[in-house]
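All chains, please: the whole structure from these sequences, using the hints.
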Amino acid sequence: MKKKVLKRMFSVLLAGTMMATVLTGCGNDGGNTTSGDSQQSTPQESSAQPSGDDAGTESESQGETGQSDEWIADREIVLHAYVDDIYNALPDDQVNSPVFKEIKERTGIQLKVQFTPGESNKATLAAQLAAGTIPDAIVCYLNNSARPEFPLLYKAAKDGLFADISEYIPNSKVYSKYMEDGYLPNDTYKNIVFREDFDGAVYLLHLGVDEVDRSMIYNPDEEYIGGPYIQKSIVDALQIDPTSVRTSEDFYNLLVKIKEGGFKDDNGNDVIPLGPKYWGGSVDAMGFDFRGLIWGVSDDYNMDENGEIYHEAETDHVYDLINYVRKLLAEGLIHQEYFTMDETRADELYRSHSCAIIGDVHNYVDIIYESEDWIPLGPLNDLQGDNKTVTSGKGGRGCLAISADAENPEEIFRFFDWLSTYEGQLLTQYGIEGLSYNMVDGMPVLTDEALDHLNKGDEKWMWNNVGAAFGGSGVYLWEFITTNKNNIDNFGESRPGATGGSTFLRSVELATQYPREYKLVEGLGATSYLNSEDMEDVKAQLDLLDYNETLVQAIFAKDDAEVKSIIESFRAQLKAAGVDKFKEKLKEIYNEDPKAINFYR
Amino acid sequence: MKSKAKIQKAPVGKRIIKFWPLYVMLIPCVVYYILICYVPIAGNVLAFKDYSFKKGIWGSDWVGLRYFKTFFTGYDCLRLIKNTLTVGLIKCILEFPFAIILALMLNEVRNMKFKKISQTITYLPHFLSSVIIVTMIQRILAPNNGVLNQIIAAFGGKGDTFFLMESNYFYPILFVMDIWRNIGWDSIIYLAAIAGVDTALYEAAEMDGCGKLGRIWHITLPGIRGTIGLLFIMGIGGLLSSGFEQIYLLRTPGNMQLADTLDVYVVRIGLLGGQFGYASAIGLIQGLVGLVMVITANKICKKMTEVSLW
Amino acid sequence: MSKKPHLQTGTKIKRNLNERIMQAFIYLILIAFCLLIILPCLNVLALSFNDGKDAASGGVYFWPREWTLDNYQEVFKDGSIMRGYVITIGRVVVGTFCTLLCISLAAFALKEKLLPGGKVLNFLITFTMLFGGGTVPTYIQYKNLHLLNNYLVYIIPGLYSVTYLMMMRTFFEGIPDSLEESAKLDGCGYFGIYAKIMMPLSKPVIAVVGLYTAVGHWNDWFSGAFYMTDNKKWPVQTVMQQMLSKAMSSEKEITSVAQAIAQSVGRVTSDSLKMAAVVITTVPILCVYPFVQKYFAQGAMIGAVKG
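Residue numbers (this note's numbering), protein chains in the order written: chain A, 1 to 601; chain B, 602 to 911; chain C, 912 to 1218.
Straight-line distance between alpha carbons at most 25 Å, and here's what the computed DSS-like set of lysine-lysine pairs gives:
1. B:K655 - A:K158
2. C:K925 - B:K813
3. B:K683 - A:K575
4. B:K813 - B:K714
5. A:K190 - A:K158
6. A:K122 - C:K1054
7. A:K575 - B:K670
8. C:K1205 - B:K813
9. A:K264 - C:K964
10. A:K122 - B:K656
11. B:K716 - C:K1114
12. B:K759 - A:K264
13. B:K656 - A:K155
14. C:K1022 - B:K904
15. A:K456 - C:K988
16. C:K1030 - B:K904
17. C:K1024 - B:K900
18. C:K1024 - B:K619
Simulated coverage check for chain B against chain C, where a stretch passes if three residues somewhere in it have a Cβ under 8 Å from a Cβ of chain C:
19. 628-641
20. 647-661
21. 721-732
22. 790-799
23. 826-835
24. 876-884
25. 889-899
Honestly, the hints are just simulated from the structure, not real lab data. Don't be surprised by glycine CBs; every beta carbon is placed ideally from N, CA and C.
In structure tokens:
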């Protein structure tokens, strides 16, 4: 009976373009245009369902020998994006957006992006991997192998869900660079792309790796200044230098001064000195606002002067932090909803200038660059006593994987490779020549029309009338799925419209006025080492513990005795979860290679 | 009546033949429940397996009771169960009568226009998305400048209570919010049931000198006891699965000691962490407890109201 | 009531007084409760008619400060909303009809206490209410049934519901057997009884199940988001869900300026715009209720039985 129903359902199934993803291999493989290499690697798809519904997704690639070397194949590639920034900035009609059309013309590839809104990206990724319903390729966030998505991707790769692309890399235009010594960051090379336990296979491609490592160079055009921001009028009234606020004491004194200053907001209410993160209350902002008191710099872990590794909660540093924030709360120096306020209300709070200091925001948020009301504060010193911004060096941003069931994965790989070439980047960043940019002295310059739309923040125009990335203001997809970027050398500016655009003038101005210094701390966050197989049980238990929430609980405790009992109980839970076993492991790894974990003090 | 008795005595085979049109009516239902429900339910074997993406549900390796062991030996297992039970009791039992009361009240309203309008209004909150509700709740409950605190201050109180951060306000807030959001919607079914009560009975009762309250007590309530019993049995099955969304909205570090329920836990640990086996195991536990509750409730209801699910 | 004969004894006056008090009490509670609901909803309405930038500075409560229709225009400009509407209305109509037909047939059959196997079926159906399949097995099964990316995924999984099925069954059980018996004597088969007796007499329960189902269809954004990869086939609620969730993109760390810019672009959806979207997607389904309400009037059903 089941079969019958299946059959019936199948017959009603709409024969759409998506059939290609549901049924493996309808139509023939159009990869015969490949320039000679590795034909044998194409999985020999037996057409399990020689149904008549292929609905013209695969028209014959008719004798493309005369085509340029950009031509790949006449086909569609379906990409699932588990990245909300990507799907919040797509053209309404992907087929007819000029850049998508141009790509189709040049390479034959019609890229189609699909997505799942309204759910956590990670949960969707997990469910779809588990159900085995990924289309030709997927992209998701992956700054480094410590991201929470990584264990999922790793498991999927191990389980054979992704196509092995190792054979295509050496002959590729851009990704061949990944094999060069020192091109990829250590973590990317060792833990993501060329993993030893993949036995020579490559399943995951790290995206968004810069061609040249500029992570230690401060270029105001290319910097976002994160951390606390303070109202300029208050700075002026108090006659202080916001960059001179360095230590926790300085910060406390400033808050007291603000409170005593008796400032009023737009509605005539008292200004509260310190407010939550701009995107809503969160513990994250503590990393900036109470920076000097944070000891566990590597996912709450660190190594003390005796070479012993501890979780921050196991040390007395945790009490310094808690007591400091408790003092601020008791004296009314910090907004009570610093940790919990929802986004809409936080926005409201700052639009009416109700807090003197935004706990955490950056210079590319409209509230900062659209007025001169806010300027960066600090940055504060960290536990090392300097206020340099920590960087882990060159990094990546996202991860690309091609489905093992995808038809002719080589074409898909070549397509993504092409996107990262100079031609691909020029097209996807600047759009169509004559429409959105012109070449001047060998460099692309945005047309006045494009610049005008860019300055107005008219993203609909950028999505639908051009379809290019414009450095993140337009179709962010391109920004995300390309790699080997070097806008300054390639296009003469850090991003389209950086010279001549007005939207982000203030952002750059702030970055210029309040420069930061960098310091390099190599290695991954400690918890990324929980992902190895021998740590499975410990991970399962540790995952249940939420240190941040415990902190907030302790901060809002009634009295010191309760603080103590909360922390003590957390320590006991850490022990019970097997933190000692984990620390042993960390120690081993650290002794072998101190650069593997980003401890510092 | 005679024919009924005859059928009752008839052997099963005869009855099957006699009822064949009814079986025809049930065919789509059976197909549906097999394909859409039972096949996925069989997927609950994941609770005993280490799920491998490639091998799929049936091919993955068995791990026995590992997930159950992890759960029951976990340090906060007891707390989770206690929280879940408390929330379940609030939602399944404490809130249960309110929708009935609202329906009874609406039924007593004589002005038809007012009745229609208030009915429509009470079911409005069902349509508000949770993203909006959370902002509203925060606006109302914020310390100092929240609406509630301002009211308290206006009456001479201190008005600086951080309701969402104090665990002893968690259950009351949950309770009120739930009632606010659901009773209008839930009362619709009771209104329909009340509509089915024979009006002649009311007239007779009035003749007998029954007051309004008396009529409600002696006629309306018994008249809708079938619906009440049914919804009660249905509700009680969800004792351990009280939903994720609402609680997640109210969850703050201050009240998480109480707000961590099994459903929240499954989402937090199981799905976001990709631990499907673990999530299935907890789902099984919830289902088993629900099953026991439903069977018990069904027995009790059968005795008291002659309503029975099976 | 006031036209009753003038035989007012002491108790009767007292009873009238009591009833007056009770009525007043009921009105008072209902008005208070309605206010509690209407005020926040007014806030939504006011925000939706207020200029987005202006609203962000707070203080807009029950009346817009800077009137504008821009938010509505903006929402409607997005073609996907209109397309979503068509899909939603389609699924509400088709889905509700199919559900009512399927459930009422099943409920009619299951109501027969003597039906061999009926008890087991009832139990097995209730069982599905307690044990779900979980995300992954469900997903895989839908895939196997070729429901993914198929409009049928809006209709089929929601065809039956334990609660509604049991609700209808209970209602059917309440209809006097005598009616059925007499129909049988008139030579009616089961299908005839179903069509000629059960359906006309069950208007209240059909109305309520129909309403619940229709609203369920209307509100369901999940199946669109999860089982429909082609966003051109999304119902209006899924489209709106994307709008509403745009803001919640804090799950990643920012690593580049481009990302920082993209993040602030994604946030452009103002609160007012969201509220306008909420209003647009809520009002149509609200209008359905008054049409259903008349079936809940006291005596609607039994009157029909007797007449």
